[in-house]
Amino acid sequence: MNAAVLIKNLDYAYPDGTKALNDVNLKVAEGEKIAIIGANGAGKSTLLLHLNGILQGDGVVEVLGTPVVDNHFREIRQRVGIVFQDPDDQLFMTTVAQDVAFGPTNQGLPTAEIAERVHDALTAVGMNGHGHRTAHHLSFGQKKRVATATVLSMQPDVLVLDEPSSNLDPRARRHLMEILQSLHVTTIVVTHDLPYAYELCDRAVIMSDGKIVADGPIGKILSDEELLLTNGLELPHGFFPVVGGKKERR
Amino acid sequence: MSGTHHFLTDERYGGSVLHDLDPRVKIISMLSLPIVAVSTPAKSVWAFVAYGLILAACLGLSRLPLGYVARRSLVIVPFVLAVAVFLPFFHDAGPGGYNIGGVRISETGTLVLWNTMVKATIGVLSVIILASTTSFAEIISGLEGLRVPRVFTLILSFMYRYAFVLSEEFQRMRRAFMSRNGGVRNLWHADMLGPLLGSFFLRSYDRGERVHVAMTSRGYSGSMKVSAPHTADTADAVFLLTMAFLLLMIRISA
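Protein chains in written order, with this note's numbering: chain A, 92 to 341; chain B, 10 to 263.
Note that these hints are calculated values from the structure, not bench results.
Honestly, I wouldn't trust all of these hints.
To be verified - Examples of chain B residues toward chain A, derived with CB under 7 angstroms:
id: 1; residue: Phe-173
id: 2; residue: Val-174
id: 3; residue: Arg-184
id: 4; residue: Gly-217
id: 5; residue: His-221
id: 6; residue: Val-222
id: 7; residue: Ala-223
id: 8; residue: Arg-260
As the list claims (entries may be wrong) - Taking CB as the label site, the calculated pair distances span:
id: 9; chain 1: A; residue 1: Asp-315; chain 2: B; residue 2: Met-168; range: 42 to 52 angstroms
id: 10; chain 1: B; residue 1: Met-187; chain 2: A; residue 2: Gly-108; range: 47 to 57 angstroms
id: 11; chain 1: B; residue 1: Val-160; chain 2: A; residue 2: Arg-262; range: 55 to 65 angstroms
Unchecked claim - Residues of chain B placed beyond 10 angstroms of chain A at every Cβ, according to the derived structure:
id: 12; residue: Gly-23
id: 13; residue: Asp-29
id: 14; residue: Ser-82
id: 15; residue: Thr-117
id: 16; residue: Val-136
id: 17; residue: Ala-146
id: 18; residue: Ile-149
id: 19; residue: Arg-156
id: 20; residue: Ser-166
id: 21; residue: Val-220
id: 22; residue: Met-224
id: 23; residue: Gly-228
id: 24; residue: Ser-230
We treat Cβ as the ideally placed atom computed from N, Cα and C, and that holds for glycine.
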């Protein structure tokens, strides 16, 4: 199968000289759901911003065979949808519908198709009928779902989520999980919410100090207590992933 | 927070013929009424009565509760109090001045007061009618329909969207700040306010950058297409023409 995302020897340093990514190599297959886990400051979010060219480091980043470089940005940003951590950053238009239409409008789609995409995306996140509302009047969980819809409306091939579960109460968390599980696209989740990653993903990579230090089936990674601890991670008390038992458990 | 909510209503208030008019028609009407009124000489009292009647008719059409309109009109009181009320005493008393118990009241001053008050009232009432019968989203799309450059409407809509987010952020910072200062009762000292405002600015700036990244990620490249076009119907045409006719007649004869 073709690689949805291919990253080779990626280095990145912030303008002030701080090294954020150090020789990152990652291959994500089409349709795979993968978690990038790691402590704060490990470089997860920096890596994520390389997937659509917001940041550009030294090395190779390819999405479905297309290199992420200047003259491909338009296409790349259509294919890679990033849902950012704070929905207030992602919902900047006057109404929910306008926010969801923002991406398709930039793609230059005809009006009728935009309307259809908005409808479909809002339906997918269970927010149909809220199109006329202002983001300000939504609950945090609803904002998060609409933020997801703003990306789904672009029908991306790769869905990237930055800390999808942060600040969500248990019900909203569950609801978002069900939505994410129902989507059949390549999904990359950046998080340190390990149970969330475990439930959604089949594979996990651990990042630490700008490097990928572990890569494998998520059950195996999360069972390695020592590996987690050395990389600033810890399973919540009383949570035990079942190695290889994930599929049967569902 | 609730203060911001009060001034920036985003849901329309009630429903009526006026609510259903094309936002472009309402924007043009409620903008030209105060402009025409401002250009009317203060001495043509009857012209202002006529403007008042137009506003009353619009209010009637809009079915807005009068108490609600009255409460919202209180916005102008501070301005009138602070500026206009003293005008009758400050101007040089002309030949037509009055003398009440030794206090001289100038005619020009009184005229200026009347002029300021009546025009401010007309302006405020027009804005209230527009804002209460039109949602903010409609106003923005109406402005776009009127060919206002996209940059301006985008700034307006961002301002509207982030006024809430930023004011809440500021409230949170202020609360955290107060909690560490045993609750400052008197007016904040400049040396405390400074850092608070400074970090608020930085946070807002960061927010702006993150929003821009989110926009770029969804294919924004500096320009945006205008949203769906408006269609004006008979009611819109009738309203607009009536308004134009009345304003023209009043202004010419004033």
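Holds or violated: is the Cβ of Val-222/B closer than 7 angstroms to a Cβ in chain A?
Since the shortest Cβ distance to chain A is 6 angstroms, the answer is holds.
Holds or violated: is the Cβ of Val-174/B closer than 7 angstroms to a Cβ in chain A?
holds (5 angstroms)
Just to be careful: measuring from the Cβ of Ala-223/B to every Cβ in chain A, is the smallest value less than 7 angstroms?
holds (5 angstroms)
Confirm or reject the statement that Asp-29/B sits farther than 10 angstroms, beta carbon to beta carbon, from all of chain A.
holds (15 angstroms)
Given hint His-221/B near chain A, where the shortest CB pair must fall under 7 angstroms
violated (9 angstroms)
Verdict for Met-187/B, Gly-108/A (Cβ pair) under range 47 to 57 angstroms:
Violated, at about 38 angstroms.
Per-residue hint verdict: Arg-184/B, partner chain A, C-beta under 7 angstroms:
violated (18 angstroms)
With 42 to 52 angstroms as the target window, see if Asp-315/A and Met-168/B comply at their CB atoms.
holds (50 angstroms)
Taking 10 angstroms as the cut and beta carbons as the points, is Thr-117/B off the interface with chain A?
Consistent with the label, Thr-117/B stays out of reach of chain A, its closest Cβ about 46 angstroms off (over 10 angstroms).
Does the CB of Arg-260/B sit less than 7 angstroms away from some CB of chain A?
violated (34 angstroms)
Can we confirm that no CB of chain A comes within 10 angstroms of the CB of Gly-228/B?
violated (4 angstroms)
For Val-136/B, is the shortest CB-to-CB distance to chain A above 10 angstroms, so the non-interface label stands?
Holds: least Cβ distance 18 angstroms, greater than 10 angstroms.
Against the hints set out earlier in the document, violations occur for numbers 3, 4, 5, 8, 10, 11, 17, 18, 20, 21, 22, 23, 24.
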